[in-house]
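K.L.:
Build out the structure end to end from the sequences listed, making use of the hints.
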Amino acid sequence: SQQGEEDPQALSIQEGENATMNCSYKTSINNLQWYRQNSGRGLVHLILIRSNEREKHSGRLRVTLDTSKKSSSLLITASRAADTASYFCATSGANSKLTFGKGITLSVRP
Amino acid sequence: DTAVSQTPKYLVTQMGNDKSIKCEQNLGHDTMYWYKQDSKKFLKIMFSYNNKELIINETVPNRFSPKSPDKAHLNLHINSLELGDSAVYFCASSRDGDYGYTFGSGTRLTVV
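Going down the list, the protein sequences come from chains A and B.
Take 5 as the starting number for the first sequence in my numbering and just add one per residue.
Take 317 as the starting number for the second sequence in my numbering and just add one per residue.
Treat the hints loosely; a few may be bogus.
Below are the DSS-like pairs computed for lysine-lysine, each with C-alpha atoms no more than 27 Å apart in a straight line [what the hints assert, rightly or not]:
1) K383/B / K352/B
2) K106/A / K325/B
3) K338/B / K325/B
4) K352/B / K106/A
5) K360/B / K325/B
6) K387/B / K356/B
7) K357/B / K106/A
8) K368/B / K74/A
9) K356/B / K338/B
10) K325/B / K335/B
11) K335/B / K352/B
12) K101/A / K368/B
13) K106/A / K360/B
14) K335/B / K360/B
15) K356/B / K30/A
16) K30/A / K101/A
17) K101/A / K356/B
18) K30/A / K352/B
19) K338/B / K30/A
20) K74/A / K356/B
21) K30/A / K74/A
It is worth saying that the hints were derived from the structure and are not from the lab.
All values derive from a computational prediction rather than experimental measurement.
P.N.:
Now the structure itself:
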């Protein structure tokens, strides 16, 4: 069964704006991860946040985790056209099994 | 120096055929995975091997059989291919612990 659910399903913004994507999940987790997938390519790991962490930064990426609400958000600041891609949240639980959400399609207009 | 490489990149075959997809990682990771991504981009785990031992086997038809000759390789053999097997299959690997996965570039399987 699907664990993560991203919101919105699609997001279109202007270059330079910030993009915020949300993810909710149902069961307890060890960590939550965000991945990017460009069209026709494999997934690229962006950032991992452990269940005992609340916020993490990596370059223009900021991820938060609220385990009480079972939710996470990914913020991309100062977006670029090259950020156009699908973004997936994934949760790691028992057996380190990584379960993916349905993905968010982000379009950044030049 | 591709970290996780899978071959072939594209595979078009007729129903009923048997085909294999190969995956190799040069990262020294202990665990390898097969994921299936359908036309709606939904990713579902199929199998996971840790040091050649099967640790995750999701509800996958018996026609799918993974084989791991060593911890750097995880191949996927599919018997009696069906139309519904058409998808993109991704191989991935990871270190043990809280680490992200490294994915291959995918194999687009089309069954006609």
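K.L.:
Please work out if K338/B and K30/A have their alpha carbons no farther apart than 27 Å.
P.N.:
Roughly 34 Å separates the two Cα atoms, so the pair is violated.
K.L.:
Given the hint that K74/A pairs with K356/B, test it: the Cα-Cα distance must not exceed 27 Å.
P.N.:
holds, 24 Å
K.L.:
If you draw a straight line from the CA of K335/B to the CA of K352/B, is it 27 Å or shorter?
P.N.:
holds, 15 Å
K.L.:
If you draw a straight line from the CA of K335/B to the CA of K360/B, is it 27 Å or shorter?
P.N.:
holds, 20 Å
K.L.:
Are the Cα positions of K356/B and K338/B separated by 27 Å at most?
P.N.:
holds, 24 Å
K.L.:
Could you grab the alpha-carbon distance between K101/A and K368/B and see if it respects the 27 Å cut-off?
P.N.:
Given pair K101/A, K368/B holds - Cα atoms ~16 Å apart, limit 27 Å.
K.L.:
Between K352/B and K106/A, does the CA-CA distance stay at or below 27 Å?
P.N.:
holds, 13 Å
K.L.:
Can the restraint linking K383/B and K352/B be considered satisfied, given a maximum Cα separation of 27 Å?
P.N.:
With Cα atoms ~16 Å apart, K383/B and K352/B stay inside 27 Å; holds.
K.L.:
Are K30/A and K101/A close enough, with their CA atoms no more than 27 Å apart?
P.N.:
Within the cut-off at roughly 15 Å; holds.
K.L.:
Decide if the proposed pair is consistent with the structure: K106/A and K325/B, CA atoms, cutoff 27 Å inclusive.
P.N.:
Judged against 27 Å, a Cα distance of about 23 Å means the pair holds.
K.L.:
With a cut-off of 27 Å on the C-alpha distance, tell me whether K368/B and K74/A pass.
P.N.:
violated, 34 Å
K.L.:
When you check the alpha-carbon spacing of K101/A and K356/B, does it fall within 27 Å?
P.N.:
With a Cα-Cα distance of about 21 Å, the restraint between K101/A and K356/B holds, given a limit of 27 Å.
The structure shown violates the earlier hints numbered 6, 8, 19.
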